[in-house]
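Could you put the whole structure together from the sequences, leaning on the hints where they help?
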Amino acid sequence: MLIIFIPSILLVILSFFKINRTLMAGVSSLIIVPAIYIFLHPFVNEYFLVDKLNSFVLLISSIVGVGVSLSMISLPDRLNLNEEAIKRFYRFFGIFWFGLIISILANNMGIFWIGLEFATLSTVYMIKVKDSLTAHKEAWKYLTVGAIAISLVLFGIILMYASAKGVLGENAMNFYALANSADKINSFLFEIGFTISVTGFFIKMGFFPMNLWLADIERASIYPVAALFSGILESAIMLGFFRLSKIEMLVNASHLVTFSYIYAIFTLFMVSFLIYRTKDFVTTFALSGIEHMVLITIFWVSGGYFAALLHLAAHAFLKPALFLSSSMLEQKRRYSFKGALKGYKNKLVPLLISLLLLGIISIPPSPMFFSEIFGFKAMLDVAQDSDYFLVMIFAIFIIMILLSIIFYKFITIYQEALYDGKDEPKKVYKSEIAMLLLFTISLLALILPQVFDYIEGIIK
Amino acid sequence: MIDVLIGFYIATLITELFTTRLYRLLGWYALNSLFLGLIAIYMGAQIGDNAMIISGTITIIIKFMLIPYVLKYIATKFKIPRNINPNLKVHYSTIIVPVILVFTYYLVNPIIHNMAYNANYVALSISSLFLAMLLIIEHKNIAPKIVGFLSIENALFLLAISATKGMPMLVELGIFVDLLMLIVIVNILFKHQGDF
Numbered sequence: 001m002l003i004i005f006i007p008s009i010l011l012v013i014l015s016f017f018k019i020n021r022t023l024m025a026g027v028s029s030l031i032i033v034p035a036i037y038i039f040l041h042p043f044v045n046e047y048f049l050v051d052k053l054n055s056f057v058l059l060i061s062s063i064v065g066v067g068v069s070l071s072m073i074s075l076p077d078r079l080n081l082n083e084e085a086i087k088r089f090y091r092f093f094g095i096f097w098f099g100l101i102i103s104i105l106a107n108n109m110g111i112f113w114i115g116l117e118f119a120t121l122s123t124v125y126m127i128k129v130k131d132s133l134t135a136h137k138e139a140w141k142y143l144t145v146g147a148i149a150i151s152l153v154l155f156g157i158i159l160m161y162a163s164a165k166g167v168l169g170e171n172a173m174n175f176y177a178l179a180n181s182a183d184k185i186n187s188f189l190f191e192i193g194f195t196i197s198v199t200g201f202f203i204k205m206g207f208f209p210m211n212l213w214l215a216d217i218e219r220a221s222i223y224p225v226a227a228l229f230s231g232i233l234e235s236a237i238m239l240g241f242f243r244l245s246k247i248e249m250l251v252n253a254s255h256l257v258t259f260s261y262i263y264a265i266f267t268l269f270m271v272s273f274l275i276y277r278t279k280d281f282v283t284t285f286a287l288s289g290i291e292h293m294v295l296i297t298i299f300w301v302s303g304g305y306f307a308a309l310l311h312l313a314a315h316a317f318l319k320p321a322l323f324l325s326s327s328m329l330e331q332k333r334r335y336s337f338k339g340a341l342k343g344y345k346n347k348l349v350p351l352l353i354s355l356l357l358l359g360i361i362s363i364p365p366s367p368m369f370f371s372e373i374f375g376f377k378a379m380l381d382v383a384q385d386s387d388y389f390l391v392m393i394f395a396i397f398i399i400m401i402l403l404s405i406i407f408y409k410f411i412t413i414y415q416e417a418l419y420d421g422k423d424e425p426k427k428v429y430k431s432e433i434a435m436l437l438l439f440t441i442s443l444l445a446l447i448l449p450q451v452f453d454y455i456e457g458i459i460k
Numbered sequence: 461m462i463d464v465l466i467g468f469y470i471a472t473l474i475t476e477l478f479t480t481r482l483y484r485l486l487g488w489y490a491l492n493s494l495f496l497g498l499i500a501i502y503m504g505a506q507i508g509d510n511a512m513i514i515s516g517t518i519t520i521i522i523k524f525m526l527i528p529y530v531l532k533y534i535a536t537k538f539k540i541p542r543n544i545n546p547n548l549k550v551h552y553s554t555i556i557v558p559v560i561l562v563f564t565y566y567l568v569n570p571i572i573h574n575m576a577y578n579a580n581y582v583a584l585s586i587s588s589l590f591l592a593m594l595l596i597i598e599h600k601n602i603a604p605k606i607v608g609f610l611s612i613e614n615a616l617f618l619l620a621i622s623a624t625k626g627m628p629m630l631v632e633l634g635i636f637v638d639l640l641m642l643i644v645i646v647n648i649l650f651k652h653q654g655d656f
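Sequence order for the protein chains is A and B.
Letter 68 of the first sequence, counting from 1, is numbered 68 in our numbering, and no numbers are missing.
Letter 69 of the second sequence, counting from 1, is numbered 529 in our numbering, and no numbers are missing.
If you are wondering where the hints come from, they were derived from the structure by calculation, not from laboratory data.
With a straight-line cut-off of 30 angstroms between C-alpha atoms, the simulated DSSO-like cross-links for lysine-lysine are:
1. A:K87 x B:K651
2. A:K422 x A:K342
3. A:K342 x A:K279
4. B:K600 x A:K137
5. A:K141 x B:K539
6. A:K342 x A:K332
7. B:K532 x A:K87
8. A:K332 x A:K430
9. A:K137 x B:K537
10. B:K532 x A:K141
11. B:K651 x A:K137
12. B:K537 x A:K18
13. B:K651 x A:K18
14. A:K18 x A:K430
15. A:K279 x A:K141
16. A:K87 x B:K537
17. A:K184 x B:K625
18. A:K141 x B:K549
19. A:K18 x A:K87
20. A:K137 x B:K539
21. B:K539 x A:K87
22. A:K137 x B:K549
23. B:K532 x A:K137
24. B:K600 x A:K141
25. B:K625 x A:K246
26. A:K377 x A:K246
Keep in mind the model is a prediction, meaning the values are calculated, not measured.
Shown next as structure tokens:
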């Protein structure tokens, strides 16, 4: 078990010595080794349980980690980061990964929370790697709002634990034990706790009413931090939502569907119009991340597990790739889309970024195209089985209209980046091309029939 | 006895809301944590739960002694302003605090009806959660906001010991470790705040 923490501990130790960027990226990429090991060798003990769901999330998170490490080879040159800043980034990246493994593999709500809090606190300092007043302010903002969100999660966990302690004793903290005894627990107390915890998760992911909170932070921090948020931290939070909502489905499925749909529509309404008005790549991608988390949430609660997990994996690869590509797109002008895809000597770069940019709005053969087809089918199935058929159809209709606004904006951005503006020469580093290739290959792997079969088998 | 301790616990938290000096705020937070630790020890002794007694003792060591001392050290080292006037005027706070205390009872009435034990303590811990949130909202300075977050954590600890008769020991130890990590992060953030 302890072997899985070795790369992150190694990363923290090495960050105290003089560093070689390539060596550090190599060591950092070692995080994938234990993830593959766990994927192939599941284990269970008192506090941790490796099943298909969390080993899958850990594997995709570690691939994102490798992509981020690759981009860190050249990023300091782009942003003029000094050695001390790079050291601090890797030190806190090691701690972040340590907390994340605990959180993802936990079969205990309390330990899940501890890991998540650990990961959250370590990202606070990563935001401030770039030495600017905005980054400093956003780091404090993240600490304050993030701490309140995570406190709400703990508040809910205490109530859920209280709802089942009389029946299960200390096992009431255990996800699987709670699911197995869902009919015996105090359903009212559990639902209150669930609602509060999930609200905490949603705030952390930038759902209504905190839509701009995360976007501002991602804009102020360096690109890899935004990539870690969208590709890894959000996946871990979503995993917590998956675990708890599976129990809530057994307690009261209709409450879960109603709560999630209402929250999702409010969030999507805000986000779609905010995306429509954005003026830079990072804010657009950050807000789009919220949109995708909303879709994953409603696919999951509608019973479209395959769609939700495929969407989660596709988003985990697409969004960090786009955030990291922003360092190339924004090298001439930060607040302009025009001409961002022009001026590259290596024609592979604009091609790959274009594929990613179109992939995020589900243009085939993006995995998101398939996940949305299956997801909307699941939503229609829920509507058919519901007593409120017309209301559900209306909700789905609203969601599709809001998504079409986002689709339109992304197409406009793509066209402006490709056809408008000046053809100014832009610099691309080898490590950035390697990062783009890694994410593109990972995305293509997701549409293999064998991978489809695997994801379908995660939740039967 | 627990009623008396919880009374003091709430009283110190309310005093935090009216304090305008940073070191005094840290002092009131320390006292708040001391009463919380004593509540855990007393409750643990009553039900014969050694884990709760240990948690109470660790609370006193970390939150009563260590954290206020470290925060005071950080405040002195980085010359953090000691004058922390709340944005909310005192006469408004005087109205809001009792309103929170009374209406929380109505708000959480359905929850406390579902509690098998310590229903009143649960209501009080949720009130203290709202009061701690008020502490965060009413201040512009970052130092009282941190104390507000630590007070939220105290309220959640009280909720955990009253609603569930204590969480598993490992989870509680993990929460203490997270708190220490928070203090480390706060220290580093102040240390590297740059020249702006």
